[in-house]
Amino acid sequence: MKFNVPKAALAALAAAVALAVGATAVAIDKPADKPADKPVAARPAAKPADPATAATIAAIRAKLGERLGTSAPPIGDIRKLPQADLWEVQLGDELAYTDSNAELLLVGAVFETRTRKNLTQTRMDELTQVAFKDLPLDLASKSVHGKGERVLAVFVDPNCGYCKRFEAALKATDNLTLYRFYYPVLGEDSVTKSRLLWCAPQREKAWQDWMLEGKAPEGKGDCENPVDRTVALGKKLRVTGTPTLILADGKRIPGAIDANALETALQQAGKR
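Going by mature numbering (1 follows the signal peptide of the UniProt record, and there is no 0), the letters in the sequence shown line up with residues -27 to -1, 1 to 245, in that order.
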């Protein structure tokens, strides 16, 4: 059994931390120009720690904050792993690990050797979970495939190549109610197209025509539309790319997947 490591995310975090450490080393005695940006949405609240643990967490936070500097991703929750003297640190949207003295910072996936369980991925799944029932589905374009007994929400950008690839998987999937949140993150043209698509008389047809046939949506796009609110929603939920899938059980899947993987995910998620 292989250990699967999310290389892209880890590489991005490692690069950010490396840049932060380098910048701090150059200007270690200079005061920070401004505090680190706060996360758009708060992480799930951690349970209150006992005094000793709380003191260790405070010391770790202070030392990492001093040594990484303000150019590093913001430091979120810190908690101790039960398996070892290893502390999980939320850095921006990713996880890193340190010792109780914050002398070392480990960027990578942590596995439990006995079970071969990826503890990092399990924790990320917990942190990014979304309660499907709480999604404002009135902001989404709805389409029904077959009986529509299963549900899926997906954040999409009309100029996203991977979103176009994902349409092939959707076309091969039955018994699904789909909610598309138009989430234009690739520039002003994406914003314009999202509004045009929402305002189209036949919204689903306009979407399919554009994504599969390259036929640009027409009209003025000046009807009342939820695009700005959808962008705010995506930021609140920390949606960082498209497509991003949200299943009935709250699990989030970043990126395009094929029809077989989608069917497996829908079966595992169950019906809402």
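FYI, nobody ran anything at the bench for these hints, they're computed from the structure. Quick caveat: nothing in here was measured; it's all calculated off a predicted structure. Hints may be right or wrong, so weigh each one.
To be verified - Cut-off 27 Å, straight-line C-alpha distance, at most; resulting in silico cross-link-like pairs (DSS-like, lysine-lysine): (1) K53 / K36; (2) K137 / K53; (3) K224 / K90; (4) K188 / K144; (5) K115 / K209; (6) K224 / K115; (7) K90 / K137; (8) K53 / K115; (9) K90 / K115; (10) K115 / K193; (11) K209 / K137; (12) K120 / K178; (13) K188 / K178; (14) K144 / K224; (15) K120 / K137; (16) K115 / K178; (17) K144 / K178; (18) K144 / K115; (19) K106 / K53.
We went through each hint and held it up to the structure:
Distance check on the hinted pair: K53 and K36 sit about 16 Å apart at the alpha-carbon level, within 27 Å; holds. For a cut-off of 27 Å, the pair hint linking K137 to K53 is broken: about 41 Å separates their Cα positions. Simply put, K224 and K90 have alpha-carbon atoms about 18 Å apart, close enough for the 27 Å limit, and the pair holds. For a cut-off of 27 Å, the pair hint linking K188 to K144 stands: about 18 Å separates their Cα positions.
Distance hint between K115 and K209 is fulfilled; the C-alpha atoms sit about 21 Å from each other, no more than 27 Å. With a C-alpha separation of about 20 Å, the suggested pair K224 and K115 falls inside the 27 Å cut-off, and the hint holds. At roughly 33 Å between alpha-carbon atoms, K90 and K137 are farther apart than 27 Å, so this suggested pair is violated. For the suggested pair K53 and K115, the alpha carbons sit about 42 Å apart, so the restraint of at most 27 Å is broken.
For the hint pairing K90 with K115, the CA-to-CA distance comes to about 37 Å; that exceeds 27 Å, so the pair is violated. Taking the CA atoms of K115 and K193, the gap is near 21 Å; set against the 27 Å cutoff, the hint holds. Among the hinted pairs, K209 with K137 is consistent with the structure: their alpha-carbon atoms are about 25 Å apart, no more than 27 Å. At roughly 19 Å between alpha-carbon atoms, K120 and K178 fall within 27 Å of each other, so this suggested pair holds.
Of the supplied pair hints, the one linking K188 and K178 holds, its CA atoms being roughly 10 Å apart against a limit of 27 Å. For the given pair, K144 sits about 21 Å from K224 by alpha-carbon distance, which is consistent with the 27 Å threshold. Proposed proximity of K120 and K137 is supported: the alpha carbons are some 24 Å apart, at most 27 Å. In summary, the hint linking K115 to K178 is supported, as the alpha carbons are separated by about 12 Å, within the 27 Å threshold.
As the CA atoms of K144 and K178 are separated by approximately 13 Å, the hinted pair is consistent with the 27 Å bound. Among the hinted pairs, K144 with K115 is consistent with the structure: their alpha-carbon atoms are about 14 Å apart, no more than 27 Å. Distance hint between K106 and K53 is unfulfilled; the C-alpha atoms sit about 31 Å from each other, more than 27 Å.
The structure shown violates the earlier hints numbered 2, 7, 8, 9 and 19.
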